[in-house]
Amino acid sequence: MSDCTREELMTIAAARLLWDRCVCFVGIGLPSAACNLARLTHAPGIVLIYESGTIGTKPDVLPLSIGDGELADTAACVVPLPEIFSYYLQAGRVDVGFLGAAQIDRHGNLNSTVIGSYDAPKIRLPGSGGAQEIAAHAKQTFVMLTATPRSFVERLDFRTSVGYLEGNGARTQTGARGGGPRAVITDFGMLTPHPQSEELQLTALYPDATIEEARSKVGWRLAVADIIETIEPPTLLELETLRALNARTSAAHARRIEIPV
Amino acid sequence: MPLSLADAIERFVPDGASIALEGFTHLIPFAAGHEIIRQRRRDLHLIRMTPDLVYDQMIGMGCARKLTFSWGGNPGVGSLHRLRDAVEHQWPQPLQLDEHSHAGMAAAFCAGAARLPFGVLRGYIDTDLATHNPNIRRVTCPFSSESLAAVPALNPDVTILHAQRADREGNVAIHGILGAAREAALAAKTLIVTVEEIVDSLPPAMNGIVLPHWIVGAVVHCRGGAYPSYAQGHYARDNAFYRRWDAISRDREVFIAWMERHVLATPDHRAFLESLRAEAA
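Those protein sequence lines, which keep their order, are chains X and S. Taking the working numbering, the leading residue of the first sequence gets 74, the next gets one more, and so forth. Taking the working numbering, the leading residue of the second sequence gets 872, the next gets one more, and so forth.
Just so you know, these hints were derived from the structure itself, not from any lab.
Only pairs whose alpha carbons sit at most 25 Å apart, straight line, appear in this in silico SDA-like list of lysine to any residue: (1) X:131 with S:1103; (2) X:195 with S:1001; (3) X:131 with S:1078; (4) S:1060 with X:156; (5) X:131 with S:1111; (6) S:937 with X:190; (7) S:937 with X:192; (8) X:195 with S:1003; (9) X:195 with S:1124; (10) X:195 with S:967; (11) X:212 with S:1009; (12) X:195 with S:968; (13) S:937 with X:189; (14) X:195 with S:965.
Predicted model, so just to flag it, every value in this text is computed and none were measured.
Go ahead and model the full structure; you've got the sequences and the hints to work with.
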């Protein structure tokens, strides 16, 4: 399996964190690939919710947008967007929420709004969308993000979504009802929060990754757990299923659509 | 009640209006957005959860002074370059932002639809957005004393939707992904709906979204009116076009040339679609 990309390793590692019949609020990109890989392998009864209001969707190809027709066509039901956020997410009916971001800090707080200042940004990013309520209300969240010292930062430029705030139980003092980030899946392995301090620490590495690589990619002084797990290499089934899904997806997204004149 | 799109925009969308072109990825009213660009509307307050390509185009063409939104990217592709250029470099003019989360904006539309003064949600907890947007405040629940987020109701002057069909009385039926379309429709002072087809009568739809005729200000027959977004049951989202938009919109001159060729130089949406089809052939 030495020919796997790190992106494939991330996707497979994230898929393994999901369990059958869990209710999962899916984001576009790697989270969508991970959730559907889980559905196509060990978790056929997983309930995938996309914020466009599609519940229990089983797309044959990954959607490019959060609201592709494929998601509605294969959904158990489609509800209005205010319902998804009020009756499902804020009401605590989501087990797992996936998040990405441009920046993360050592307590799993996330920035997806701006690089630089809010009023005169160097880079204007898309913003929260559903992220801040997913971060607050999903029973747990998984964050997927490629690591560089510019993305794993000492200090966020903007706090879009809460992780553990300053740690040591600070989150539980707020009105956030969900459990916060239980894992950060990145391109060297996985960080998980320390049980007391809630600081993210290195707890797992891919077979070909090292602690030195992890430290070089993280912009804060990375805490390392006493025992570092080695993430099992992908199985043939995982890898073939993921690659077939990605191939179907690329072909579908490149397909010419008849312009409706 | 059927009207041409040009007449509907001329009559209901003046300079300075607040307008919401809703539809979450699905049924985005591109034809209406392009007609607003053709009629060179200015100083608009644009409202949309996801600005998408339609507002990227309107912002880049100088139609907007203010944007109320909750997620401003090209879905699955990356940035909206014209939105970014307006925020980062004030080109072609400064753009005031009224930024929310999806849940916050949904709550604001729901309040607007009910003609309540504000929406309430368990949100914006310890995030920086609330410190930068004075429209995000806290209220205390009078029953439990819990602190909750409050956002002012959104009541656009005009909401514009695209839908699959309307009947001759002006009742509108929508199916597929709805987003906050129903709420934005009911929150508006005036509602314009472009539709794929106008039929004699709609089939009975106990739970399909039907916007009843007396809340609909105008119905416009406009086939393909959501393209390059989509209309479930009629045509698919042109994901390849959404990808191509990244390169078209990245550069100011390329963007302007594209808009002139395909939008300003075409008299209506049909001609716009034909110009794209000719280019693709």
